[in-house]
Amino acid sequence: MMNQGGKKRGLSKGTLFGAVVILALSLLFSGCASSLHKAKLHLAGAQDRERSFRTEEAVALYHMSLVEAEREIRKRPSAQAYMIKGLAEVKLARWSEASRSFSQAAALGDEKAEAWAREVSLFGLAVSLQEQGLAGPALRLYSILSERGKFSPVVQAALGRLVDSQLELLPSLPEKEREKIITKSIGMVEKALDSDPACGYYHYLLAQLLGHGGKYRESFEEAVMARELGLPKLELQRDNDNQIVFCYRRLKESLAGEEWAEFSRTYRLWISKWKWPDEETPDWKRR
Amino acid sequence: MDEKKLVAFLKQSREILGDFFTAGSLALLPVMFSSLVWAVNRRGEVKKKILEVKVWLEPETLKNKPAEFVLDFFENSPELRAVYEEEIRNRDFRALRPAFRALYPVLGLQDPFLEKLFFSELKNHDYRRLVAEFRPRLESALSEIRAAGKRENFWKAVDRVCGEFLNLGWTLLTEDEVRELLKKAMEKM
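Protein sequence lines correspond, in order, to chains A and B.
Just so you know, we're using numbering that gives the first Met the number 0 here: the first sequence kicks off at 0 and counts up by one.
Just so you know, we're using numbering that gives the first Met the number 0 here: the second sequence kicks off at 0 and counts up by one.
Bound-form chain B, shown alone (with noise of 0.2 Å):
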């Protein structure tokens, strides 16, 4: 797939579906590359619906995890284990436990979606700050993407846009090599 025709379509996409958010909208970019992702992931089926966006969260499961689970999650990441040595060294889980609700579906599950809400905190691995924002901004998120998707039409822009993206070609690429292309191309925007 050539990047700079992939760079014109997501350029393409994101007037398409901007037209539903506001000027600066937190969610514009996480729904197109979360839509993008499932669409991918969804290409069995000859039409697709994608009629909602979906966010790995299941906060009682995220909240009932063993402290071995937690510590193990911490420990095995090399980026992790360097920003939280002290409490990993500690056994705090008072400071891990609400780190790992925020981290666990973004790095563990890696929920499309959250990965490109917390791009720039992802990339410069500044994991503390994506602990601290990431209720206030999937909640700001979460209430655009509510807004938008009263709007007539808007799903029917995400479909068209995912059938189009799906028509490009992506039958021999796995959904992990399809998410980086993605990335890539969305920088160069």
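This is chain A alone, in the form it adopts within the complex (with noise of 0.2 Å):
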């Protein structure tokens, strides 16, 4: 008994001695995981809510994703760090700052890292020509890296800017110059969603060039997609959800019977699943 007793005493010692060594650990473990894991946990959250549609929640982590990357090159400068860094930069649209980071990166021994550099440079640079008023050289660049670029947030900003600029010589052109333009622009944008038919901003792109060309049902049913895929910001997702509206009014005045009903049945379905009070009241706007 007395064995048994003592040796449960020294057990029940043993057990506590290991107790206080995992607690010990898994503190000193959680006070002092590093920057740089930390800046990953919080980039892989951030692709997370993105794929789940929660942009401004990914904007957040993406912030500070970009805090501990900074920290981390602080005190440990490496690859890793600067790419996690030059990401984190790239999804909120710090062009220059990211072109740096992917730089170092590069130096530093990554080898994507560089050719992403170039890209997001001269990105950068088409951006800064077209402010100072060099329309023609940054739609070239634009043009190229939406072409035949390789990292997909350039692509697609690349391919924003160009969209824009096509739609920006509308208001003075005849109708039929008008129209080339608007099935020129829809045969850039339908090539880009063929090679990445789920990004939400090249649905979110296309259903605004078909509101420009009066084809307001493909322009519905495009913005429903990319409503459904996820936009990277709540303007745009705000703007999206107003062209469902213009769509379902312009509609609501061109069909008629069986085929309005048709539409009209599809609408509510989509409307009751975003929770909308009404067909023209996006569940975020003000009543």
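These are calculated hints, taken from the structure and not from any lab test.
Glycine residues also receive a C-beta, built at the ideal position from the N, C-alpha and C atoms.
All the pointers check out, no bait thrown in.
Listed next, the in silico SDA-like pairs over lysine to any residue satisfying Cα-Cα at most 25 Å (straight line):
| # | chain 1 | residue 1 | chain 2 | residue 2 |
| --- | --- | --- | --- | --- |
| 1 | A | Lys-214 | B | Phe-73 |
| 2 | B | Lys-155 | A | Arg-93 |
| 3 | B | Lys-149 | A | Ala-92 |
| 4 | B | Lys-122 | A | Asn-241 |
| 5 | B | Lys-62 | A | Gly-212 |
| 6 | B | Lys-62 | A | Gln-165 |
| 7 | A | Lys-183 | B | Pro-65 |
| 8 | B | Lys-183 | A | Pro-281 |
| 9 | A | Lys-232 | B | Lys-62 |
| 10 | B | Lys-183 | A | Pro-276 |
| 11 | B | Lys-62 | A | Glu-176 |
| 12 | A | Lys-232 | B | Glu-176 |
| 13 | A | Lys-190 | A | Asp-163 |
| 14 | B | Lys-149 | B | Ser-24 |
| 15 | A | Lys-190 | A | Leu-138 |
| 16 | A | Lys-272 | B | Val-177 |
| 17 | B | Lys-62 | A | Ser-127 |
| 18 | A | Lys-272 | B | Glu-176 |
| 19 | B | Lys-122 | B | Gly-23 |
| 20 | A | Lys-232 | B | Gln-109 |
| 21 | B | Lys-149 | A | Ser-127 |
| 22 | B | Lys-149 | A | Arg-99 |
| 23 | B | Lys-182 | A | Asp-282 |
| 24 | A | Lys-284 | B | Lys-122 |
| 25 | A | Lys-251 | A | Trp-283 |
Computed beta-carbon distance windows for the label pairs:
| # | chain 1 | residue 1 | chain 2 | residue 2 | range |
| --- | --- | --- | --- | --- | --- |
| 26 | B | Ala-7 | A | Lys-274 | 27 to 37 Å |
| 27 | B | Met-188 | A | Lys-232 | 25 to 35 Å |
| 28 | B | Gly-148 | A | Glu-261 | 51 to 61 Å |
| 29 | A | Glu-278 | B | Lys-62 | 23 to 33 Å |
| 30 | B | Ala-22 | A | Pro-276 | 37 to 47 Å |
| 31 | A | Lys-232 | B | Gly-148 | 14 to 24 Å |
| 32 | B | Gly-148 | A | Ala-255 | 54 to 64 Å |
| 33 | B | Glu-14 | A | Arg-248 | 41 to 51 Å |
| 34 | A | Glu-252 | B | Glu-86 | 18 to 28 Å |
| 35 | B | Asn-89 | A | Pro-173 | 18 to 28 Å |
Here are some of the chain A residues that sit facing chain B, going by a computed Cβ distance under 7 Å:
| # | residue |
| --- | --- |
| 36 | Gly-210 |
| 37 | Glu-234 |
| 38 | Arg-237 |
Put the two chains together into one complex; each comes in its own frame, and the hints tell you how they fit.
Here is the structure:
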């Protein structure tokens, strides 16, 4: 009995010691989790939120990832830390900083960073050329990047700028020329969609272009796809919702009979899924 | 949420953030309002960082909206329809387009910063004045924010105010409801 009791006491001391060691280690690790580890976690979290279409939370996490990556670089500069910093900066549209981060990552040995740095830097150059009124060279760069770029955030941004610049020409052109420009722009976006069909932003651009062409049913369908796949900014989501309502009103005027009944049924299914209070009021809109 | 408590909180926040702006600042209340609305949008995260004020201006996108979309925006708002009746009737896009560029981010996208910046015009339905003052007032407000942002601890102070705001408990309210409560409480400050 005594032995048994003594053994029991010994075991419980050992167990206690083990528990203390585990607790101390876990506290040590949780307290000292490296900034790099935190930066990675925030970046992964942000990408996860983006996939779940929670864009505001994603932006907040990209900010946090950037802060942690910068902290890590101050302590232990590495290619990986610079890559994470660059990726967060790209997502926050800080192009020149992102280019510098990728260049640093390349200098520290990351193979793909150099190509990314080049693309980001070209895009930044195009933006500044455009801001200084040099639209021609800027458009050529956007066109090259949207067709041949490999880094998807740059390809998306360049295509967006290219489409905007094409649309800018529309008001001053005769009807036939307008149609040509719209058709050409639709072709550019459809090509981009072929290589990345799940990109909500491309569907948003297509919805806008089809709206310009008066194809409201198709525009509505693309806007629905954009909403379902998610958009990178909340203001784009809201603009996309306004496009959906706009298409609804246009179709209400132009469709009749069974065609309208069928569209109206589909429309009601979607808005009930999105919890809109009525056909013309998105959930975020003040009533 | 007790309105008195909210007003007291807003007064205290105005004092904290007011240190970063000059007296009679245009930007102080819009920064507060939009940051608090953003904070509510981001409440899913435990630690939020509000590191910049967002203003929803996409000049190219707005400039390029089709004429039908612009017209639809004016025609489907009873208040805008009343104010811009003549321009709508005459399809006067020389007047409607510049007005759209100012009004769409405020009324169409409901940007909280702009809503507060043009609070009195919105309250009085003075849309023509909003359009006339849009660019200069926005530029002044943004330059005030740039100046405040350069001062040490400004964003930390904004972040702190937002954190305390979230601690007041908004989990069951929508953005729309919080926005309305804030507007009412800010009038009583």
